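So the protein sequences, as listed, match chains A and B.
Just so we're aligned: the first sequence equals residues 1 to 117 in the numbering used here.
Just so we're aligned: the second sequence equals residues 118 to 230 in the numbering used here.
Simulated from the structure, these hints should not be mistaken for laboratory data.
In this text the structure is predicted, and so the values were computed from the model without any measurement.
Take these hints with a grain of salt, some might be off.
As the list claims (entries may be wrong) - List time: in silico DSS-like cross-link candidates among lysine-lysine, alpha-carbon distance up to 27 Å:
id, chain 1, residue 1, chain 2, residue 2
1, B, 143, B, 187
2, B, 143, B, 186
3, A, 57, A, 70
4, B, 143, B, 173
5, A, 70, A, 9
6, B, 173, A, 9
7, A, 71, A, 57
8, A, 57, B, 222
9, A, 57, B, 143
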Amino acid sequence: NAGVTQTPKFRVLKTGQSMTLLCAQDMNHEYMYWYRQDPGMGLRLIHYSVGEGTTAKGEVPDGYNVSRLKKQNFLLGLESAAPSQTSVYFCASSYHGLAGVITGELFFGEGSRLTVL
Amino acid sequence: SQQGEEDPQALSIQEGENATMNCSYKTSINNLQWYRQNSGRGLVHLILIRSNEREKHSGRLRVTLDTSKKSSSLLITASRAADTASYFCATAGGYYGNNRLAFGKGNQVVVIP
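The shape of chain A in the complex, shown without the other chains:
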């Protein structure tokens, strides 16, 4: 049981380049999330999805796009990378619980470390 898998684990980009981070989960979870973690800032939610074909903005969505075409996959795209997007990105998934409330834990991937030069 792999849980939540993120690819790639490391990436270096030049300003203006584009890339896609892939998150895959094998737990049949409805909810999936993309967070970024920066020193002293904790985890900040970029985008999230409450089901296949649906996405929503989090706290810091600017400069990112997402897609959830398949239930098990959640893609995070950077169309034109900027140095401010240098960060560690975490994907997570969770069971949706009753009436849409998260009643259980989030399962996290191991992170994708992105550096934008």
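Take the given structure of chain A and dock chain B to it, following the hints.
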């Protein structure tokens, strides 16, 4: 401000001692969760406490929740070197709604062997 805000601290203790960290939040919640993050790794869920619960135990972990003060504490008893990590609290419901968690900035704990 974010829901689920720890008092950001770097706590350094000797092995065998207890470690306590606190978390506060601003609006009503459905549940509060604690996570551990080892250096360079993803977050791992430790324990969840619901809004109608006041205390919960899991192994060497003890979590309390005071909804009147909108605060929670995590106690790790008889700490071990392997407990060295960052600890985050996160709230479900309330400020950000039910379908997402709001994380605090984390407490770094160093356990000295």
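Each hint, compared with the structure:
At roughly 7 Å between alpha-carbon atoms, residue 143 of chain B and residue 187 of chain B fall within 27 Å of each other, so this suggested pair holds. This hinted pair checks out: residue 143 of chain B and residue 186 of chain B have alpha carbons roughly 9 Å apart, not beyond 27 Å. Distance restraint check for residue 57 of chain A and residue 70 of chain A: the Cα-Cα separation of roughly 18 Å lies within the 27 Å cut-off, and the hinted pair is therefore satisfied. Taking the CA atoms of residue 143 of chain B and residue 173 of chain B, the gap is near 21 Å; set against the 27 Å cutoff, the hint holds.
With a C-alpha separation of about 21 Å, the suggested pair residue 70 of chain A and residue 9 of chain A falls inside the 27 Å cut-off, and the hint holds. Restraint check for residue 173 of chain B and residue 9 of chain A: not satisfied, since their Cα atoms lie roughly 35 Å apart, outside the 27 Å limit. Between residue 71 of chain A and residue 57 of chain A the alpha-carbon distance is near 18 Å, which keeps this suggested pair within the 27 Å criterion. Of the pairs offered as hints, the one joining residue 57 of chain A and residue 222 of chain B holds, with about 20 Å between alpha carbons and a cut-off of 27 Å not exceeded.
For a cut-off of 27 Å, the pair hint linking residue 57 of chain A to residue 143 of chain B stands: about 22 Å separates their Cα positions.
The structure is inconsistent with hint 6 alone, although it conforms to all the rest.
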